[in-house]
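One rule links them: number in my numbering = place in the sequence shown (from 1) + 141.
None of these hints come from the bench; they were simulated from the model.
Take the hints with a grain of salt, since some may be wrong.
Unchecked claim - List of simulated lysine to aspartate or glutamate pairs, DMTMM-like, C-alpha gap at most 20 Å:
# : residue 1 : residue 2
1 : K164      : E152
2 : K155      : E171
3 : K155      : E166
4 : K157      : E168
5 : K160      : E171
6 : K192      : D182
7 : K192      : D181
Claimed, not checked - Cβ-Cβ distance ranges computed for the label pairs, FRET-style:
#  : residue 1 : residue 2 : range
8  : F196      : L176      : 54 to 60 Å
9  : A180      : K155      : 46 to 52 Å
10 : V197      : K164      : 47 to 53 Å
11 : A194      : S167      : 38 to 44 Å
12 : N145      : S167      : 32 to 38 Å
Everything numeric in this text was worked out from a predicted model, so none of it was measured.
Note that beta-carbon positions come from the ideal geometry of N, C-alpha and C, so glycine has one too.
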Amino acid sequence: MAINSLIKAFEVIKTKLDKYIAKQESEVNERELMLSQAADDLRLANKLKTKLADFVV
(Lines of atoms letter the chains of each structure in order from A; the text may use other names.)
(Lines give C-alpha, C1' and ligand atoms only; values in the text may rest on other atoms or scores of the structure.)
Protein backbone atom coordinates (compact mmCIF):
# COMPACT_ATOMS: atom_id res chain seq x y z
CA MET A 142 0.00 0.00 0.00
CA ALA A 143 2.73 2.46 0.88
CA ILE A 144 4.46 1.69 -2.41
CA ASN A 145 1.26 2.39 -4.34
CA SER A 146 0.89 5.71 -2.53
CA LEU A 147 4.47 6.62 -3.39
CA ILE A 148 3.92 5.66 -7.03
CA LYS A 149 0.81 7.83 -7.17
CA ALA A 150 2.63 10.73 -5.52
CA PHE A 151 5.48 10.47 -8.03
CA GLU A 152 2.98 10.32 -10.90
CA VAL A 153 1.34 13.51 -9.64
CA ILE A 154 4.72 15.21 -9.32
CA LYS A 155 5.72 14.04 -12.80
CA THR A 156 2.46 15.34 -14.28
CA LYS A 157 2.92 18.73 -12.61
CA LEU A 158 6.54 18.93 -13.77
CA ASP A 159 5.53 17.98 -17.33
CA LYS A 160 2.92 20.75 -17.34
CA TYR A 161 5.43 23.25 -15.93
CA ILE A 162 8.05 22.28 -18.51
CA ALA A 163 5.51 22.56 -21.34
CA LYS A 164 4.51 26.03 -20.12
CA GLN A 165 8.14 27.14 -19.91
CA GLU A 166 8.86 25.79 -23.40
CA SER A 167 5.84 27.66 -24.73
CA GLU A 168 7.02 30.90 -23.13
CA VAL A 169 10.53 30.42 -24.54
CA ASN A 170 9.11 29.79 -28.01
CA GLU A 171 6.99 32.93 -27.71
CA ARG A 172 10.02 35.00 -26.67
CA GLU A 173 12.10 33.55 -29.51
CA LEU A 174 9.38 34.52 -31.97
CA MET A 175 9.23 38.04 -30.55
CA LEU A 176 13.02 38.37 -30.81
CA SER A 177 12.95 37.09 -34.37
CA GLN A 178 10.26 39.61 -35.28
CA ALA A 179 12.22 42.40 -33.58
CA ALA A 180 15.34 41.41 -35.55
CA ASP A 181 13.32 41.47 -38.79
CA ASP A 182 11.96 44.91 -37.89
CA LEU A 183 15.47 46.15 -37.14
CA ARG A 184 16.79 44.87 -40.47
CA LEU A 185 13.91 46.55 -42.29
CA ALA A 186 14.51 49.81 -40.42
CA ASN A 187 18.19 49.72 -41.37
CA LYS A 188 17.29 49.13 -45.04
CA LEU A 189 14.86 52.02 -44.96
CA LYS A 190 17.45 54.24 -43.27
CA THR A 191 19.97 53.38 -45.99
CA LYS A 192 17.46 54.10 -48.76
CA LEU A 193 16.54 57.39 -47.12
CA ALA A 194 20.21 58.33 -46.81
CA ASP A 195 20.72 57.52 -50.51
CA PHE A 196 17.72 59.65 -51.39
CA VAL A 197 18.85 62.62 -49.28
CA VAL A 198 22.44 62.56 -50.57
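Hint check:
The straight-line distance between the Cα atoms of K164 and E152 is roughly 18 Å, inside the 20 Å bound, and the hint therefore holds. Proximity of K155 to E171 is assessed by CA-CA distance (about 24 Å); at most 20 Å being required, the pair is judged violated. Proximity of K155 to E166 is assessed by CA-CA distance (about 16 Å); at most 20 Å being required, the pair is judged to hold. About 17 Å separates the Cα atoms of K157 and E168, which keeps this hinted pair within 20 Å; it holds.
Our distance criterion of 20 Å between C-alpha atoms is met by K160 and E171, whose separation comes to about 17 Å. With a CA separation close to 15 Å, the supplied pair K192 and D182 stays within the 20 Å bound. Distance restraint check for K192 and D181: the Cα-Cα separation of roughly 17 Å lies within the 20 Å cut-off, and the hinted pair is therefore satisfied. As the Cβ distance of F196 to L176 is approximately 30 Å, the hint placing it in 54 to 60 Å is violated.
A hinted range of 46 to 52 Å for the beta carbons of A180 and K155 is inconsistent with their spacing of about 37 Å. Distance hint check for V197 and K164: the Cβ-Cβ separation is about 49 Å, which falls inside the suggested range of 47 to 53 Å. Between A194 and S167 the C-beta distance comes to about 41 Å, which sits within the given range of 38 to 44 Å. Separation of N145 from S167 is about 33 Å and conforms to the stated range, judged on CB atoms against 32 to 38 Å.
Checked against the numbered hints given earlier, the structure breaks hints 2, 8 and 9 and satisfies all the rest.
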